[in-house]
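*Asks:* Sequence:
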Amino acid sequence: MPRSSASADDDLSADARAVSSLVFQMTTHVSAFRRSVDVLGTGKDTRELRAQLHDQRERLGVMARDASLAVKRLAQAVTNASDVDEETRAEHAGRHQKLVKDFHGVLKDFQKAQRTCAERESTFLPQKAKGRANYGTMDDDGGAEEAGQALLQEQRQEQQDFAQVDGELEYNNALIEERERGIMEIQQQIGEVNEIFQDLAVLVNEQGAMIDDIEANIVSTAVRTKDAQKELTKADKSQRAARNRLICIVIAVLVALIVLILFLLQ
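Numbering (the working numbering), first residue to last: 1 to 266.
Just so you know, these hints were derived from the structure itself, not from any lab. Among the hints, erroneous ones may be present.
What the hints assert, rightly or not - Below, computed lysine to aspartate or glutamate pairings styled on DMTMM-like, alpha-carbon distance capped at 25 Å:
hint: 1; residue 1: Lys112; residue 2: Glu185
hint: 2; residue 1: Lys72; residue 2: Asp199
hint: 3; residue 1: Lys108; residue 2: Asp38
hint: 4; residue 1: Lys98; residue 2: Asp11
hint: 5; residue 1: Lys98; residue 2: Asp10
hint: 6; residue 1: Lys128; residue 2: Glu177
hint: 7; residue 1: Lys72; residue 2: Glu58
hint: 8; residue 1: Lys101; residue 2: Glu192
hint: 9; residue 1: Lys108; residue 2: Asp66
hint: 10; residue 1: Lys128; residue 2: Glu178
hint: 11; residue 1: Lys112; residue 2: Asp199
hint: 12; residue 1: Lys72; residue 2: Asp9
hint: 13; residue 1: Lys44; residue 2: Glu177
hint: 14; residue 1: Lys112; residue 2: Glu192
hint: 15; residue 1: Lys98; residue 2: Glu195
hint: 16; residue 1: Lys112; residue 2: Asp55
hint: 17; residue 1: Lys101; residue 2: Asp10
hint: 18; residue 1: Lys101; residue 2: Asp11
hint: 19; residue 1: Lys44; residue 2: Asp55
hint: 20; residue 1: Lys98; residue 2: Asp109
hint: 21; residue 1: Lys98; residue 2: Asp83
hint: 22; residue 1: Lys44; residue 2: Glu58
hint: 23; residue 1: Lys44; residue 2: Asp109
hint: 24; residue 1: Lys112; residue 2: Glu195
hint: 25; residue 1: Lys108; residue 2: Glu180
hint: 26; residue 1: Lys101; residue 2: Glu87
hint: 27; residue 1: Lys112; residue 2: Glu178
hint: 28; residue 1: Lys44; residue 2: Glu119
hint: 29; residue 1: Lys112; residue 2: Asp66
hint: 30; residue 1: Lys108; residue 2: Glu195
hint: 31; residue 1: Lys112; residue 2: Asp102
hint: 32; residue 1: Lys72; residue 2: Asp10
What the hints assert, rightly or not - The calculated label-pair distances, taken between Cβ atoms and stated as ranges, are:
hint: 33; residue 1: Asp66; residue 2: Glu185; range: 15 to 25 Å
hint: 34; residue 1: Gly94; residue 2: Arg59; range: 27 to 37 Å
hint: 35; residue 1: Gln198; residue 2: Asp11; range: 22 to 32 Å
hint: 36; residue 1: Ala201; residue 2: Thr233; range: 46 to 56 Å
hint: 37; residue 1: Glu87; residue 2: Arg47; range: 52 to 62 Å
hint: 38; residue 1: Asp66; residue 2: Thr46; range: 22 to 32 Å
Where a beta carbon is used, it is the ideal one built from N, C-alpha and C, also for glycine.
Turn these sequences into a full structure, and let the hints guide you.
*Replies:* Here it is in structure tokens:
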């Protein structure tokens, strides 16, 4: 393989390894995301968990976009690889098809986990950490002082109850707002993943057509090579026949000369 062809082959292999690494990393992060989604609706479902899910979704969204761009760049590089022979290009095209298939699979897993996450976040609210009530102390002095302390304690308890109710309302409202924002973000990400799916479908069609073209070129080259070999064989046979005829003529002439000489000597 010429030096330029070897360099182009190495570049395509390096690009393919980079895409493979991105797909592997995304597969690992999707598995972690699914484990976090499984916790939703359980006793461990907290606001901290949902914040973690948000971060995981954002990270996976970035990885999906990066992998999509890398897959497109690799497809373009394989298509424009004029410095490699057809068989090498066909090999890289087949490798690219496998990477697209792997990427498509991990995207499906991510989208499925996204939908499960949206469903569970819309069904359940995160658990609230239990707080301890701040009860006052009573002096055991008896009489009017004890009654006053009891009344004061009751008033304080009522105030605490009202404050607790207000706090729970505010807390629940905040949870609902966070849940709605989270669901909207998930729906937006699902839409982005759908767009990547569409891009991959176009790539698969283009790559399939390119592979068919490469295979046709390989077959055509093989046919031309075979025809050339046939022509060479035919030419070789013709040359052999011509040599044989020449030898026969020479022998016939020699025989005629010998006969003529013998006749003259008589």
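*Asks:* Look at each hint and say if it fits the structure.
*Replies:* Hint check results:
no., hint, result
1, Lys112 to Glu185, "holds, 15 Å"
2, Lys72 to Asp199, "holds, 9 Å"
3, Lys108 to Asp38, "holds, 17 Å"
4, Lys98 to Asp11, "holds, 18 Å"
5, Lys98 to Asp10, "holds, 18 Å"
6, Lys128 to Glu177, "holds, 15 Å"
7, Lys72 to Glu58, "holds, 21 Å"
8, Lys101 to Glu192, "holds, 18 Å"
9, Lys108 to Asp66, "holds, 16 Å"
10, Lys128 to Glu178, "holds, 14 Å"
11, Lys112 to Asp199, "holds, 19 Å"
12, Lys72 to Asp9, "holds, 18 Å"
13, Lys44 to Glu177, "holds, 20 Å"
14, Lys112 to Glu192, "holds, 14 Å"
15, Lys98 to Glu195, "holds, 20 Å"
16, Lys112 to Asp55, "holds, 17 Å"
17, Lys101 to Asp10, "holds, 22 Å"
18, Lys101 to Asp11, "holds, 21 Å"
19, Lys44 to Asp55, "holds, 18 Å"
20, Lys98 to Asp109, "holds, 17 Å"
21, Lys98 to Asp83, "holds, 23 Å"
22, Lys44 to Glu58, "holds, 22 Å"
23, Lys44 to Asp109, "holds, 23 Å"
24, Lys112 to Glu195, "holds, 15 Å"
25, Lys108 to Glu180, "holds, 24 Å"
26, Lys101 to Glu87, "holds, 21 Å"
27, Lys112 to Glu178, "holds, 21 Å"
28, Lys44 to Glu119, "holds, 17 Å"
29, Lys112 to Asp66, "holds, 20 Å"
30, Lys108 to Glu195, "holds, 12 Å"
31, Lys112 to Asp102, "holds, 16 Å"
32, Lys72 to Asp10, "holds, 18 Å"
33, Asp66 to Glu185: 15 to 25 Å, "holds, 19 Å"
34, Gly94 to Arg59: 27 to 37 Å, "holds, 31 Å"
35, Gln198 to Asp11: 22 to 32 Å, "holds, 28 Å"
36, Ala201 to Thr233: 46 to 56 Å, "holds, 48 Å"
37, Glu87 to Arg47: 52 to 62 Å, "holds, 57 Å"
38, Asp66 to Thr46: 22 to 32 Å, "holds, 30 Å"
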